[in-house]
Each structure stands twice: as structure tokens, then as C-alpha cells.
Amino acid sequence: MTDVNANEASLLYRGLMNFWEICSGNFVRKNDLLKLLRNPLLQKKIRIHSEDVQELEKLIETSGVRYEESGRENDTFQISNGLKRIRLSSILSQEAAWTKYKISQIPLESEEYSLHLTLFWETVLKVKKDILSFFANETIRWTSEYLKVVQTSIEELFEFSEEYEQEAKLFHSWLQSLSEWEGIQLQNPEQGISLLKFLTEQVFNQIPYRKGAYLTGGVTISLLQPMRPIPFKHIYVLGLGEGKFPGSDDISQLNLRKHFREEWDISKREIQEFLLWETIHSAKESITFSYVGKNLQEDKTFEPCSHFLEIMEFLEVKDVVRLPLHSYSIKYEHTLRELKQGLVSYDFARVWVNGKRKDHPVLDRFQNPDELIKNHSDLSRSTIDVKELSQFLSDPLDTYLKRKLAMYLEEEYAEENEKEPFYLDAIEETHILKKVHALMIPDLVLEKPWVWDQEKIVQAVTPILEKEKFSAKFPASVFGKIQEADLVQYLVKLVNTFRNGNLFFKEGSIIRI
Numbered sequence: 001m002t003d004v005n006a007n008e009a010s011l012l013y014r015g016l017m018n019f020w021e022i023c024s025g026n027f028v029r030k031n032d033l034l035k036l037l038r039n040p041l042l043q044k045k046i047r048i049h050s051e052d053v054q055e056l057e058k059l060i061e062t063s064g065v066r067y068e069e070s071g072r073e074n075d076t077f078q079i080s081n082g083l084k085r086i087r088l089s090s091i092l093s094q095e096a097a098w099t100k101y102k103i104s105q106i107p108l109e110s111e112e113y114s115l116h117l118t119l120f121w122e123t124v125l126k127v128k129k130d131i132l133s134f135f136a137n138e139t140i141r142w143t144s145e146y147l148k149v150v151q152t153s154i155e156e157l158f159e160f161s162e163e164y165e166q167e168a169k170l171f172h173s174w175l176q177s178l179s180e181w182e183g184i185q186l187q188n189p190e191q192g193i194s195l196l197k198f199l200t201e202q203v204f205n206q207i208p209y210r211k212g213a214y215l216t217g218g219v220t221i222s223l224l225q226p227m228r229p230i231p232f233k234h235i236y237v238l239g240l241g242e243g244k245f246p247g248s249d250d251i252s253q254l255n256l257r258k259h260f261r262e263e264w265d266i267s268k269r270e271i272q273e274f275l276l277w278e279t280i281h282s283a284k285e286s287i288t289f290s291y292v293g294k295n296l297q298e299d300k301t302f303e304p305c306s307h308f309l310e311i312m313e314f315l316e317v318k319d320v321v322r323l324p325l326h327s328y329s330i331k332y333e334h335t336l337r338e339l340k341q342g343l344v345s346y347d348f349a350r351v352w353v354n355g356k357r358k359d360h361p362v363l364d365r366f367q368n369p370d371e372l373i374k375n376h377s378d379l380s381r382s383t384i385d386v387k388e389l390s391q392f393l394s395d396p397l398d399t400y401l402k403r404k405l406a407m408y409l410e411e412e413y414a415e416e417n418e419k420e421p422f423y424l425d426a427i428e429e430t431h432i433l434k435k436v437h438a439l440m441i442p443d444l445v446l447e448k449p450w451v452w453d454q455e456k457i458v459q460a461v462t463p464i465l466e467k468e469k470f471s472a473k474f475p476a477s478v479f480g481k482i483q484e485a486d487l488v489q490y491l492v493k494l495v496n497t498f499r500n501g502n503l504f505f506k507e508g509s510i511i512r513i
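Residue 1 is where the sequence shown starts when you use full-length UniProt numbering, and the numbers rise one by one after that.
Source of the hints: derived by calculation from the structure; they are not laboratory data.
Mixed in with the good hints, there may be bad ones.
No farther apart than 20 Å at their CA atoms in a straight line, the calculated lysine to aspartate or glutamate pairs in the EDC-like style are these [stated by the list, open to error]: (1) K45 with E73; (2) K44 with E162; (3) K45 with E159; (4) K35 with E69; (5) K126 with E73; (6) K126 with E69; (7) K434 with D453; (8) K481 with E447; (9) K44 with E122; (10) K435 with D486; (11) K402 with E55; (12) K233 with D249; (13) K30 with E8; (14) K481 with D443; (15) K233 with E278.
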């Protein structure tokens, strides 16, 4: 069990902070929207399965959207226009979508994805409008009615099921803190959102947050507890040294029964002994007892308590395994003889890397080789997109580990440029050139004269780029004209190269590589 502050682990905190970013100003970034989509509280509300989230993210990336900004409603990079293309792709054929609406069809694996994204986007816009409704009145202030609107709006965005009961408690604590600011006057919507951000950070920073239920979820670190009815998979009992357990008798003057005990009175020592007995019986798979046996700095040796020795005798355990408390200490470098005696450091990775791997049977102490047999299951074939391949080429180890550990990109690439693309990346440029080459190269083997020049190149490129622009995959305005001129200039040089070798191509046929 890990006790942290709510702002470090709460799903509600992350969802609220992401949503405040969306409400800040008239500009909505795509990455803020994707972060909100990954939140399990929102997925519960709009009935999105967690396994579909990655496909929805890929669909958003494929649509070419970058942002949502008021005043640029006709921009192809707008999120609303991208979702419009996705919706029409689910009901129109490829030919009808392009001829009637100038929309390049987006491939959909399921029509439900279009419905999920539409519902998600409309919910975000509605809640954003409600949150900013306080600015519609003449007097800009947080009234009790507005705070109720905030509560209702957040409940429309997130769902607090029994699985996330602790998040519901955090939500009510957050609402109580907001109520203390009722009546505050504000100058503009930006000031109101900034105040919501500030209050959210302050409130969640002061609330302790616990992962897992006490004694029944995660890892519990505590004193000995009466837990015999609760089965635990693995139990570790620490501090069984001589004089440390079960403690000493209470000789305080405040203990009025230290001299005159009744039959039903139980001392602290007896309570600890009884709890140790309960702990032993609550272990389901394994139990480990430990004590501090050596102080290397002062060269002192300590003995275990009598209870520890009795347990060893009953279980017929002759030797104890010495484990260092600090794996980085130079005093814990093991020789081959020590390893064979069982004096094994718990930092197996360091020993395995630095030592001679074939000289000692350390592996059996950490894992059962029979359990290493891979269980083959009928899983869907995994796919690798071009983006993942590019990331692998830039950092192979980082990309490989993230894929193996299912750590997909969430925060690492948050600084990605979300404005309209000013430059055409190499992948998109290759995609366009491939289409032009398919029109150009077959003419090389014809008996007719080579007629490709700059004018014909422009005629061939124009419809291709038009489709790319309407699909939000090509820069717009003056940046698009610059990229278009660069493409034409490159193709003119390529045509001249082909013209010089035209006779060579006529003697044979096209070879595809």
C-alpha cells in the first residue's frame, strides 16, 4: 500500500487539470483531448471500453486534426472538422464522400468508434460551455447556482462507480472547498479557470491518497494486526530480534494494573505473541521472518528472539539466509563460496550482471525454471505503425521496453507541436511522391516521346495535393505553397534524370523494388 497525496495518483485530479487546460482560452490542443480520453472515469461515463481507447487514439491521429480554435471553422486541421470526416466516412462510400463533400474517406475498423468520438467531443464542448457560463451574467461571480452547475457538469463528464469509490470522496471534498469561495467576483473567464486550477491543486495536494483498500488491496505495511480471518498470499514479519519482540512489560505508573492483574487482563507482550500466532495462520502461500543480525559499521552481532528460534525448530529449518539491507554496499560483494553457502544478496540483477553467470547456481534461488515455459495463447497479431518504427530507430531500447511493458506514449511526447504543420514530414512526402511516380514511370517504357515537363507535373500533382489538403495531411496557406513548389522542383529534377536515361528504360521493362 502506498500513501501519497491525491495530486500524485488521483484520476479525478488528472481529469480536472486536463479539462481546465481545455477550458483555458479559445484554443483546444489535441493532446489535452487525448489525455482526457485516457481517463478511466470518463471512459466509464461515455461507455468506452478500455481496450478500444488505443484504436480511438489512432483514429484521431489518422484524421489529421491538430487543434480546435474559434474563428477558423473551415480549417481542415480543426478537431470538429476531423470528427465530421470520421462520421461521414462511416456512412458514405469513398466516391460519394469525395465527389459530394470533398472528404477523403478515413478507414474505420468499427462504426462504433465514430459514435464514441462524437459523443466524447459533444460532451466536452457542453461541459466547457457550462463551466464558462458564469461569464454570461452582468455580474461575474461564483453564485450558489453556478457551483451547482459546476457539480452537475463534472458529473456529466466523469462517473464515480463503486470501483472508484475513493475518487467520489475526493470529488465531494473538492466541492466543499469550492463552496468556501462562493460570491467571489472575477474579471474574465481566464481568471475563473485559473482560480479553478489553483483550488484544484491546493485541495488535492492536502488530501492523503491511498492505493488499494486497507489490509485487502495492494501491499499493506503496518504493525501486527488481528488478521487471522483475512488470507494473505505472502507475509513478511520484520523485527524479530532479541529484545525487540515481543517487547517489554508496561512498567509505567499510569498502568494501574501492573501489580494487581486479573485473569482476563492481557499484557502488551501477550498481545504481540497472540498476533504473531494469528499472522502465521493467515499466510496463504509463504511467510518470511526476519531480524537485524549484524551491524557492519560497529561490527556487532545480534541474536533473534526466542519465538524465532522456536519457529525454526518446529519447521526444521537449520540455517537462516543472510540478506543485506543495502545492495549498493561494497561489503556485499559475494564470492563463489559464499554464493554456494546461500549468502545471496537480494539484488540479484547486480550479481547476475557483474558475476560469472555460469559459475554459480544462483538462478534457482530466484525463479523456478519450470515456470519460465511460455504459455501460448491465441492473441491477435500485434501491429507496428510507422510512428513506433521511427521512435525505435531514434531510441531502440526505450521503445522496446515501453512496448514490452505496455507503457504507451502519454506524457513523453506531450510537447509535440499541435498547431498546423508548417512542413511536410518525410513520410507524407514519400506517400505523395509514390502516387506521382505511379503516373510518371510507366511512360518511360512507351515508344512515344517523353512528354513529362513542369506543366504536366503540376497537372498531376494538383489533384493529389488537393485531396491531401482536404484530409488535413498537407500544410495550408503560404506554407502549403512553399511545400508544393519544393515538390514540383524535385520532380522536375527527377524528370530530367529520367529523360537522360530514357533510351535505357525503353530497352527493358519496369522493375519494382
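Now for the hints, and whether the structure bears them out:
no.: 1; hint: K45 with E73; verdict: violated (28 Å)
no.: 2; hint: K44 with E162; verdict: holds (11 Å)
no.: 3; hint: K45 with E159; verdict: holds (5 Å)
no.: 4; hint: K35 with E69; verdict: holds (18 Å)
no.: 5; hint: K126 with E73; verdict: holds (18 Å)
no.: 6; hint: K126 with E69; verdict: holds (16 Å)
no.: 7; hint: K434 with D453; verdict: holds (18 Å)
no.: 8; hint: K481 with E447; verdict: violated (35 Å)
no.: 9; hint: K44 with E122; verdict: holds (16 Å)
no.: 10; hint: K435 with D486; verdict: holds (16 Å)
no.: 11; hint: K402 with E55; verdict: holds (18 Å)
no.: 12; hint: K233 with D249; verdict: violated (33 Å)
no.: 13; hint: K30 with E8; verdict: violated (23 Å)
no.: 14; hint: K481 with D443; verdict: violated (28 Å)
no.: 15; hint: K233 with E278; verdict: holds (14 Å)
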